[in-house]
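A.B. asks: If you want the building blocks of each chain, they are given just below.
2 protein chains.
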Amino acid sequence: MSLLPKALENAIEALGQLPGVGPRSAERYAYYLLKNDSYKTNKLIDAFSTLHKGVKLCPVTFVLIDNNCEVSPLYTNPGRDKSVIAVVSDPFDVIAIEKTGLFKGTYHVLGGLISPIDGVTPDDLKISELVSRIKSDGVKELILAMNASVEGETTSLYLQQQLEDQKVIISRLARGLSVGVDLEYADHISLGRALTGRQKM
Amino acid sequence: MSLLPKALENAIEALGQLPGVGPRSAERYAYYLLKNDSYKTNKLIDAFSTLHKGVKLCPVTFVLIDNNCEVSPLYTNPGRDKSVIAVVSDPFDVIAIEKTGLFKGTYHVLGGLISPIDGVTPDDLKISELVSRIKSDGVKELILAMNASVEGETTSLYLQQQLEDQKVIISRLARGLSVGVDLEYADHISLGRALTGRQKM
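Which chain is which? The protein sequence lines are S and Y, in order.
For reference, each letter of the first sequence is one residue, going 1 to 201 in the numbering used here.
For reference, each letter of the second sequence is one residue, going 1 to 201 in the numbering used here.
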């Protein structure tokens, strides 16, 4: 005999699908929804009902856009410099860069990073679309803005090799010390990169 | 201008209501649902749609039961000893005790713990219902199985005072060392209680 009502078990199981949510967290979330009036649960139902229908990928930059939008405003906005593209792996990386307020170019979301162990090959990423954009938009500089991880480095290297014969400057985000880090406690790889990439004052 | 599609923002906001889910986790969950096909999202919608309708409180023990159930099977089961009641704060505490396989009595869920700071007073808990059950079920022993927290201790003390004139044995869960704990690393309160509550071998 199951100790929990079927409806509660279903909710726990469905919540347990979310990334990083274990059985205990799922129980906590489901019980929280159950304890509160159904307003919160209905809000989730409404949001989930429109989630897939309301979002699509921009056909040029592959950032996430409203379904009633043609092309991302980050591309069509005349204030954005189409000759500079920041290449990122995921749509949320765009938000992170936009929040700096320092980038006025456009974006290209690859949709992942090369990772043989997860079965992600270059063919799964929007690389051919990037190559087309370099020609059609007269791109002068590509900024490879990938995670500082093995997959990020692999993807950066792969892109660099693929784009060798294109007349385009390829740069990547500076590696070094994060703001607020004590030299003493910095990891040695970051510190090494901060040293080799030292900047003239 | 918002950087995210409205539908995605709504999902992030709705997920952010869950306890302990911050904006970054909510983004992660919403993007995960969006990246996967709508099967996972629909599973959540279905589970949430039936959550409130499919669950109710047992009118005797206040554990969570299926909506088509009259009284909790943990009460109606003839194998359960109705003269012993384990008093717990939340429905999930019942599951924890059932998993030990060592308890054959019945349960009474208070629906919380006394906590003036959170505005929970004795009137918010199912205490009068507990008093009625003591009479109607001919209860011989109450096991106060509350959390080992300030609120748990407060509620235990309050119940003890309220039930003084009832002819019923009141016990509570033993405090002491958890299994696998090194004496050296045990907190001094637990160790102190293990000492005062030492058991004859």
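If you are wondering where the hints come from, they were derived from the structure by calculation, not from laboratory data.
Treat each hint with caution, since some may be false.
Since the list gives no way to pick one copy over another, a pair counts as held whenever it fits inside one copy or between any two copies.
As the list claims (entries may be wrong) - When the alpha-carbon atoms are kept at most 30 Å apart in a straight line, the in silico DSBU-like pairs for lysine-lysine are as follows: (1) Lys35 to Lys104; (2) Lys99 to Lys56; (3) Lys200 to Lys104; (4) Lys56 to Lys200; (5) Lys6 to Lys43; (6) Lys6 to Lys99; (7) Lys126 to Lys35; (8) Lys56 to Lys43; (9) Lys40 to Lys126; (10) Lys40 to Lys200; (11) Lys104 to Lys40; (12) Lys53 to Lys40; (13) Lys53 to Lys126; (14) Lys56 to Lys40; (15) Lys35 to Lys99; (16) Lys6 to Lys56; (17) Lys200 to Lys53; (18) Lys40 to Lys6; (19) Lys6 to Lys126; (20) Lys56 to Lys35; (21) Lys53 to Lys43; (22) Lys35 to Lys6; (23) Lys6 to Lys104; (24) Lys56 to Lys82; (25) Lys104 to Lys43; (26) Lys53 to Lys99; (27) Lys200 to Lys126; (28) Lys40 to Lys167.
All values reported here derive from a predicted model rather than from experimental measurement.
A.B. asks: Each hint needs a verdict: does it hold in this structure or not?
C.D. replies: Hints and how they fare:
1. Lys35 to Lys104: between (47 Å within a copy, 27 Å between copies)
2. Lys99 to Lys56: Within one copy only: 22 Å inside, 46 Å across.
3. Lys200 to Lys104: within (25 Å within a copy, 76 Å between copies)
4. Lys56 to Lys200: Answer is neither; intra-copy 44 Å and inter-copy 69 Å both fail.
5. Lys6 to Lys43: both (22 Å within a copy, 14 Å between copies)
6. Lys6 to Lys99: between (44 Å within a copy, 18 Å between copies)
7. Lys126 to Lys35: between (45 Å within a copy, 15 Å between copies)
8. Lys56 to Lys43: both (21 Å within a copy, 21 Å between copies)
9. Lys40 to Lys126: Classified as between; 25 Å across copies, 38 Å inside a copy.
10. Lys40 to Lys200: Classified as neither: same-chain Cα gap 54 Å, cross-chain 52 Å, threshold 30 Å.
11. Lys104 to Lys40: Neither: 39 Å inside a copy, 37 Å across copies.
12. Lys53 to Lys40: both (21 Å within a copy, 14 Å between copies)
13. Lys53 to Lys126: within (22 Å within a copy, 45 Å between copies)
14. Lys56 to Lys40: both (26 Å within a copy, 18 Å between copies)
15. Lys35 to Lys99: between (37 Å within a copy, 23 Å between copies)
16. Lys6 to Lys56: Answer is between: at 11 Å across copies they meet the 30 Å cutoff, but 35 Å inside does not.
17. Lys200 to Lys53: Result: close neither inside a copy nor across copies, 50 Å intra and 67 Å inter.
18. Lys40 to Lys6: Result: close both inside a copy and across copies, 20 Å intra and 18 Å inter.
19. Lys6 to Lys126: between (43 Å within a copy, 24 Å between copies)
20. Lys56 to Lys35: The answer is between: 11 Å across copies meets 30 Å, while 35 Å in one copy does not.
21. Lys53 to Lys43: Cα proximity of lysine 53 and lysine 43: in one copy and across copies (16 Å, 16 Å).
22. Lys35 to Lys6: both (16 Å within a copy, 28 Å between copies)
23. Lys6 to Lys104: between (52 Å within a copy, 23 Å between copies)
24. Lys56 to Lys82: within (21 Å within a copy, 58 Å between copies)
25. Lys104 to Lys43: Classified as neither; 36 Å inside a copy, 40 Å across copies.
26. Lys53 to Lys99: within (27 Å within a copy, 43 Å between copies)
27. Lys200 to Lys126: neither (36 Å within a copy, 71 Å between copies)
28. Lys40 to Lys167: neither (54 Å within a copy, 44 Å between copies)
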